[in-house]
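There are 2 protein chains.
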Amino acid sequence: MECKAIMKEYQILTDKKLHHYLDVKEDKNKTVIDAMRYSIFAGGKRLRPIVAIATYNLFKDNLEEVLPYACALEMIHTYSLIHDDLPAMDDDNYRRGKLTNHKVYGEGIAILAGDALLNYAFEIMISHARTQSNANVHLQAIEEIAKAAGMNGMIGGQVVDLESENKQVDKNTLNYIHYNKTAALIISAFKVGAIIAEATETDIAHMNSLGKNIGLAFQIQDDILDIIGDEKKLGKDIGSDVENNKSTYPSLYGLQTSIDEVKRLTTNVDKVLNIYGKRSRFLHDLSHYLVNREV
Amino acid sequence: MECKAIMKEYQILTDKKLHHYLDVKEDKNKTVIDAMRYSIFAGGKRLRPIVAIATYNLFKDNLEEVLPYACALEMIHTYSLIHDDLPAMDDDNYRRGKLTNHKVYGEGIAILAGDALLNYAFEIMISHARTQSNANVHLQAIEEIAKAAGMNGMIGGQVVDLESENKQVDKNTLNYIHYNKTAALIISAFKVGAIIAEATETDIAHMNSLGKNIGLAFQIQDDILDIIGDEKKLGKDIGSDVENNKSTYPSLYGLQTSIDEVKRLTTNVDKVLNIYGKRSRFLHDLSHYLVNREV
Chain A
19 MECKAIMKEY QILTDKKLHH YLDVKEDKNK TVIDAMRYSI FAGGKRLRPI VAIATYNLFK
79 DNLEEVLPYA CALEMIHTYS LIHDDLPAMD DDNYRRGKLT NHKVYGEGIA ILAGDALLNY
139 AFEIMISHAR TQSNANVHLQ AIEEIAKAAG MNGMIGGQVV DLESENKQVD KNTLNYIHYN
199 KTAALIISAF KVGAIIAEAT ETDIAHMNSL GKNIGLAFQI QDDILDIIGD EKKLGKDIGS
259 DVENNKSTYP SLYGLQTSID EVKRLTTNVD KVLNIYGKRS RFLHDLSHYL VNREV
Chain B
19 MECKAIMKEY QILTDKKLHH YLDVKEDKNK TVIDAMRYSI FAGGKRLRPI VAIATYNLFK
79 DNLEEVLPYA CALEMIHTYS LIHDDLPAMD DDNYRRGKLT NHKVYGEGIA ILAGDALLNY
139 AFEIMISHAR TQSNANVHLQ AIEEIAKAAG MNGMIGGQVV DLESENKQVD KNTLNYIHYN
199 KTAALIISAF KVGAIIAEAT ETDIAHMNSL GKNIGLAFQI QDDILDIIGD EKKLGKDIGS
259 DVENNKSTYP SLYGLQTSID EVKRLTTNVD KVLNIYGKRS RFLHDLSHYL VNREV
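Chains as they are written, first to last, in this note's numbering: chain A, 19 to 313; chain B, 19 to 313.
The following block holds chain A by itself, in its conformation from the complex (with noise of 0.2 Å):
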């Protein structure tokens, strides 16, 4: 209980600063800014921001330190979904629910909008280091979100991912997409909020372990719940990777093999803690949350 709660304290922390961010003077370019807006608060749940405050509560209290970075990975992970939605590339009607963005505003403006994200996403970070006294640690923060959202990290997974569809791929390849596509984005979450709470370099790299079994753990946890997930829950068609003919962890490993994984990557995570004690608690719960999750 005590954990929803707090997530729910940084999603509405999370939702303000955006809402902050997106409530621009309009001019022209109204569409844009709406089909941005659309997105953003499409119904997302916020884990990214959420991870990103997390950590950085971990080591400091001053939560408002992290919410430009908080908002600028949800902006970033927006932009990355309203692409991977488009005809060229998953070509999905349905997100959360709701209209896909360029089934609203067009593919052009769904293209732009996406674009806009992205590069506010940085012209946010950008502008907030600018203010701070410790630009080098705000430059350190953003770089690492700049490299794991690049053709090394989420963009090398979506391209490897488009490459993959309609065909069976070989282990390398599916850990490559996994660790890319979806992992890469949340490991820089979990070492952001460390980066800008300016912890160890020991501390950042107990991070960086989290952020690596729990993305790799939720991004199986998604195959597994695209073949056994709740449809209406989900917000998406279920069984449209296996109609999609995509290769996914199951299909390659089974569904209990991929139960497995999920927990042996959980334990890890525990471990890791486990050397933070009570006050690691929340993201212990956290953990457990993304993982576990039946939607």
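Source of the hints: derived by calculation from the structure; they are not laboratory data.
Where hints are given, some of them may not hold.
A pair holds if it fits inside one copy or across any two, identical chains being indistinguishable in the list.
Here are the simulated DSS-like cross-link-like pairs (lysine-lysine), alpha carbons at most 25 Å apart as the crow flies [what the hints assert, rightly or not]:
#: 1; residue 1: Lys78; residue 2: Lys116
#: 2; residue 1: Lys43; residue 2: Lys281
#: 3; residue 1: Lys165; residue 2: Lys35
#: 4; residue 1: Lys46; residue 2: Lys165
#: 5; residue 1: Lys35; residue 2: Lys78
#: 6; residue 1: Lys121; residue 2: Lys63
#: 7; residue 1: Lys230; residue 2: Lys43
#: 8; residue 1: Lys35; residue 2: Lys289
#: 9; residue 1: Lys189; residue 2: Lys46
#: 10; residue 1: Lys48; residue 2: Lys189
#: 11; residue 1: Lys46; residue 2: Lys78
We have chain A; now place chain B onto it with these hints.
Okay, now just chain B, sitting in the frame of chain A:
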């Protein structure tokens, strides 16, 4: 002649650095890196990098200092062309006489290659800024580029341009498109050179004025060339704006008024450059080259 030799020198400097940045270790993401290289090395004239190097060189000599920003500007310009050429946008098959990115790699990869170039532009600038002792100067330059490229700059202009297809627009709307779609990033190139050279606020304001006048003149000239240019030299379909029923400066004001406006803007440029005397010789020649180019 001297102007062209210096342009060539700056092009070579930029290309060498672009090769350095894109000579990355390939993994399973090879396709997207190939697609990024394809468009970056598709014969662009490096006008934005040349501008940034030129304004830097008005104040300082160590050109290497400005190259990360010169390359980032070219990557952002190139990503915008890749996305602009997509079927959902301008639907162009050729760019600079070569097949557009999506005609070679498919729409999905072209979208991701554009995303990756935008992301990499920021990655490059941020990683560079982290190594510098004057981080705040570098953050100022990055912020300048981020704002110019974003929803209140280039992307805003693209959105309004897209929405204005197949209809007549008023003068305000055309100005908004010209100012944002093309001029904004060119203005940022003029300013960034001066910022990185740690020029005074007054000098930066002068560069801003140069950028505004040249950026607008450049776009109007582009519209003029679409009517009277040489298809082979321009490397794209002449009259494509007319064919797409796009509102352009000449279509709203007539050809002669457009030519006169280019002259008026050029006079403004000369007034600013007179302040800098002989050392602004290259910028003077470059401005006239940009504005009066035949292709």
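Right, here's what the structure says about each hint:
Proximity of lysine 78 and lysine 116 under a CA criterion of 25 Å is satisfied in neither setting, with 37 Å inside one chain copy and 54 Å between copies. Proximity of lysine 43 to lysine 281 under the C-alpha cut-off of 25 Å is found in neither arrangement, the shortest distances being 48 Å within a copy and 34 Å between copies. With identical chains, the CA atoms of lysine 165 and lysine 35 are at most 25 Å apart both within one copy (24 Å) and between copies (19 Å). Taking the shortest alpha-carbon separations for lysine 46 and lysine 165, only the inter-copy value of 16 Å comes in at or below 25 Å, while the best intra-copy value is 33 Å.
For the identical chains of this complex, lysine 35 and lysine 78 are intra-copy neighbours only, at 19 Å inside a copy versus 40 Å across copies, given an alpha-carbon limit of 25 Å. Taking the closest pair of Cα atoms, lysine 121 and lysine 63 come within 25 Å of each other only inside a single copy of the chain (21 Å); across copies the shortest separation is 37 Å, beyond that limit. Within a single copy, lysine 230 and lysine 43 get their C-alpha atoms only as close as 39 Å, which misses the 25 Å cut-off; across copies the closest is 22 Å, which meets it. In this homomeric assembly, lysine 35 and lysine 289 never come within 25 Å of each other (Cα to Cα): the closest approach is 33 Å inside a single copy and 45 Å across copies.
When the C-alpha separation of lysine 189 and lysine 46 is checked against a cutoff of 25 Å, the pair qualifies only between copies, where the shortest distance is 13 Å, while the shortest distance within a copy is 48 Å. Only between protomers do lysine 48 and lysine 189 lie at most 25 Å apart by alpha-carbon distance; the minimum there is 18 Å, versus 45 Å within a single protomer. In this homomeric assembly, lysine 46 and lysine 78 never come within 25 Å of each other (Cα to Cα): the closest approach is 42 Å inside a single copy and 39 Å across copies.
Hints 1, 2, 8 and 11 from the list above are not met by this structure, while the remaining hints are.
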